[in-house]
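Undergrad: In case you want the letters, here they are:
Number of protein chains: 4
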Amino acid sequence: MHFGLIGLGRMGFNMRERARRAGLEVTGYDRNQDVADVASIEALVAALPTPRVVWVMVPAGEITDAVVKELCEKLSEGDLVIDGGNSRFTEDQRHAAELAQKGIHFVDCGVSGGVWGLQNGYGLMAGGEAEDIEIAMPIFDALRPEGERADSFVHVGGIGAGHYAKMVHNGIEYGLMQSYAEGYQLLAAKDIITDLPGTFRAWQKGTVVRSWLLDLLVKALEEDPGLDNIGDYVEDSGEGRWTVEEAIANAIPAPAITAALFARFESREDSSPAMKMVSALRHQFGGHATRPAK
Amino acid sequence: MHFGLIGLGRMGFNMRERARRAGLEVTGYDRNQDVADVASIEALVAALPTPRVVWVMVPAGEITDAVVKELCEKLSEGDLVIDGGNSRFTEDQRHAAELAQKGIHFVDCGVSGGVWGLQNGYGLMAGGEAEDIEIAMPIFDALRPEGERADSFVHVGGIGAGHYAKMVHNGIEYGLMQSYAEGYQLLAAKDIITDLPGTFRAWQKGTVVRSWLLDLLVKALEEDPGLDNIGDYVEDSGEGRWTVEEAIANAIPAPAITAALFARFESREDSSPAMKMVSALRHQFGGHATRPAK
Amino acid sequence: MHFGLIGLGRMGFNMRERARRAGLEVTGYDRNQDVADVASIEALVAALPTPRVVWVMVPAGEITDAVVKELCEKLSEGDLVIDGGNSRFTEDQRHAAELAQKGIHFVDCGVSGGVWGLQNGYGLMAGGEAEDIEIAMPIFDALRPEGERADSFVHVGGIGAGHYAKMVHNGIEYGLMQSYAEGYQLLAAKDIITDLPGTFRAWQKGTVVRSWLLDLLVKALEEDPGLDNIGDYVEDSGEGRWTVEEAIANAIPAPAITAALFARFESREDSSPAMKMVSALRHQFGGHATRPAK
Amino acid sequence: MHFGLIGLGRMGFNMRERARRAGLEVTGYDRNQDVADVASIEALVAALPTPRVVWVMVPAGEITDAVVKELCEKLSEGDLVIDGGNSRFTEDQRHAAELAQKGIHFVDCGVSGGVWGLQNGYGLMAGGEAEDIEIAMPIFDALRPEGERADSFVHVGGIGAGHYAKMVHNGIEYGLMQSYAEGYQLLAAKDIITDLPGTFRAWQKGTVVRSWLLDLLVKALEEDPGLDNIGDYVEDSGEGRWTVEEAIANAIPAPAITAALFARFESREDSSPAMKMVSALRHQFGGHATRPAK
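Protein sequences appear in the order of chains A, B, C and D. FYI, the numbering used here numbers position 103 of the first sequence as 203, with every residue one higher than the one before it. FYI, the numbering used here numbers position 157 of the second sequence as 257, with every residue one higher than the one before it. FYI, the numbering used here numbers position 244 of the third sequence as 344, with every residue one higher than the one before it. FYI, the numbering used here numbers position 229 of the fourth sequence as 329, with every residue one higher than the one before it.
Hints in this document: simulated from the structure, not taken from any laboratory. No experiment lies behind these values; they were computed from the predicted model shown. Be a bit skeptical, because a hint or two may be false.
Note that identical chains are pooled: a pair holds if it fits in a single copy or bridges any two copies.
[To be verified] With a cut-off of at most 30 angstroms between alpha-carbon atoms, the simulated DSBU-like pairs for lysine-lysine come out as follows:
id, residue 1, residue 2
1, K394, K290
2, K319, K394
3, K169, K394
4, K202, K169
5, K319, K290
Produce the complete structure using the sequences and hints provided.
TA: Quick look at the structure:
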């Protein structure tokens, strides 16, 4: 199989490599010509056998929009576009409809695995028509870990379902990380704990909380036992927000995932206007001293 | 009526004044001799008519313990001690039992009103025996706002009930302040809002959220429209913690009050170990950049 | 002054009455002809002096959209439409632009006060151009409580700012109600509290938590001391959701308001899929018994 | 090595079996004579070689207190008691001091692994003196999974540190389960998801959220794809509460773990007094209809 891959960043670069190791032929395009196989999307399209399969792996939002638009112009009826990026599921219907006007097929695919995917394989969640997914199956099989397909690949449902599942996956990820992190802070604050890294390490094999994230936590503490070189500023990439927005839209309580999202927001505040106000109120009613502003 | 008042700090000093304005005779004692009427608790006890009534208004915990212990030694059978401080309700049984061994009566009384109590009167919540509360009623009537007694005084229940009610009152207070503060931050962040202080001011008369705390919020913004001179570090005085501990002990969800408590904890962290860990984990799995530690 | 009022439901009906008591002339229209003054919007438009002022007080969303559309057709250049309903602030720009195409002016106005507004007056938050707001000032003055204008009316900012302020107001309202409600549950669960309604009643005059909502809480307990006739199912009207969505959009932590929103979602679940899963997991790892499904 | 094991319930029964399979000699006692090797603690003490090692695996609180008390009477100087149950870390100092009066040593050990421990081995976290832990090492090595000791056993710190680590472990566990459960509910509510169990199954190998709990979640859905036979009532065993209490005691925000705890409290309420109050308040200010009580 020979397919095109647009976007050779942190994720796409490794995915090309993993696909090639599995014996697939990949033509990769990126705006960064140092990593690209071809000079343009036009050249990529020209290089592929028909019906063409093009995997898009670029940042969600405007960049994905632009790539889909260009593919809509350059691809032909019967070709297939797979959006493997982190697009919001609501975008998928729009992209699918745009491409369908020219008879181009569309599949959305959530991809998890991070920088370890090259080595371990990626977890894949696809949305779209069964026949389109069947066409792309050699790619899915190349990217996912070895072993039973159903342990690392799923056809979740119709268009958008793959990204929806990935969005929720990431929301869960927020909650898991926050839970471990709160536990870390509790242990780190307690003076009777004399082997903090060792405690997490000893959770890796027999306990209920063992997980891949725990393994990474142990690795992080091996590299920097007190996390002395790591700031407490945490970005969010959008999918946590979307998960909470979906919780709201569907009237579903999601307090743990939301707590994780808000903790990131807080981590980025130099100064909290809300807490200034609480301090001001305490001063007003109780005469409690306020601290000077930072 | 003539009663003793131990503790002439921010609260007690004003309470003595308010009681005197109401025509009561008050003998006040404080370790700070500049404000005290007598030089010692012994002198205070000697100055009071029997059966004596002594109102204790000192910091909860060890200081209240010590004062109760000294009163236990110096007072006589039939006297009455009222703990008007912010003692945890669990302490009241202990203090009552200690005093009861010598036939001294005990009432716990939650007092709310802050620095405005001198002018407005205090809200009072008492726990104990009906006959003891009846004895102290002239004091309660002097301290509370004018108007119907039931609008500002309540005999909540048995020993400890007054402090329990005050504890929950303060827990609610945490939640109310946090709610206003979150709304403040939302409005302050929105550029289409051009009159932020005016918005809060206009909520004071006709809206659902009008309250005394809102009036104080308006006052705070009049004094410092951007809260530029106020830091975002917020203390907690204990009763918020006890409220959440009671929620846990009684298996009652209290997410809003707890959110308010945790927001204060966060406000006091120079750096969050938990968020350092989340950042470390994101780096481990996704190669996301971390910030240098502060 | 003579203005038109479209929508004579729980809010609009009382607002017409309050405006009339203040000496204004009001022509009201509602689909319910029992309460309407005229038979159609067309008739309402015909009845008003030019430039016309029409206050829209109908449910947000499709119904407001339809009314604005019809007004756009029937009104003339220089007329003014005021949306006093609970429209999302994002709708205001759209409505204003639609009307502006015909030279019709637009003001958005958040209105708070509930069923008590007829008697107490309404708190008002307006967004739009200063000259348009000036035109409508006699209406604002009629609807708001007596006393200083700035205590119950504010020109918050540009188009949408009035509804934005009202949205945040309602978000705060969610947090305030949740805080009182958590405190209520804590007090109700404690056996040493023997006078629960009396405790809330005694908070009304001197305490830090006194507020209009507390007065209503006292009234509710007077009517039904154990809330025995009231179910625990709580609707949400949209503005709480929008507030949390704005918190997310602006990366502002809003844990107390969000807790209040999620508590309502929970209150409406017959059975929680999430908690079924937690129970299933506990059974899987620990052999803990599950309960049969309801 | 030959040691005594008191408590042969869900955990202890399997631990005896695992220790025996590893070649250790175990004398087990339980009040249930069907599973016990000896008829009394006295008989167990008599059966053991000196210095004796006795592992206590009974419910925390009164039962552990009683067993420790009896061991204190029946054991001799130089013997060692290991509390492997879920005692609160604050109990450990008390138990250690009680035993120390007779020269009996004490180690606390958190044990994780649930019903799968027999097969997989248990994660172990020990607190106490290094020499005492060395004595018990053959037991630890028998109970933990094969492989490197440090991946499943840790000497966390002094007396109580083992149970403290286990407490935090369980707090994290609450947060992890809640996070997966919220994600489950979000996916279950979305109609574009047509293969819900398959989605979780596909997360098992390549994704960031893969974990042992996820494997169990997949297993639960295999057994009952809609969780139709499982109620949404979730108990808590105490350690989640203690974790939040420690967060409060140390002024550490723990919003995700606390959300998980409160979700369990909510799951057990037939009717929420707090939400009845919110409904009552909405009725009071806005005339919103309330539902009849259940």
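Undergrad: Give a verdict on every hint.
TA: Verification of the hints:
| no. | hint | verdict |
| --- | --- | --- |
| 1 | K394 / K290 | both (29 angstroms within a copy, 22 angstroms between copies) |
| 2 | K319 / K394 | between (35 angstroms within a copy, 22 angstroms between copies) |
| 3 | K169 / K394 | neither (48 angstroms within a copy, 43 angstroms between copies) |
| 4 | K202 / K169 | within (11 angstroms within a copy, 36 angstroms between copies) |
| 5 | K319 / K290 | within (21 angstroms within a copy, 36 angstroms between copies) |
The structure fails hint 3 only (numbered hints given earlier).
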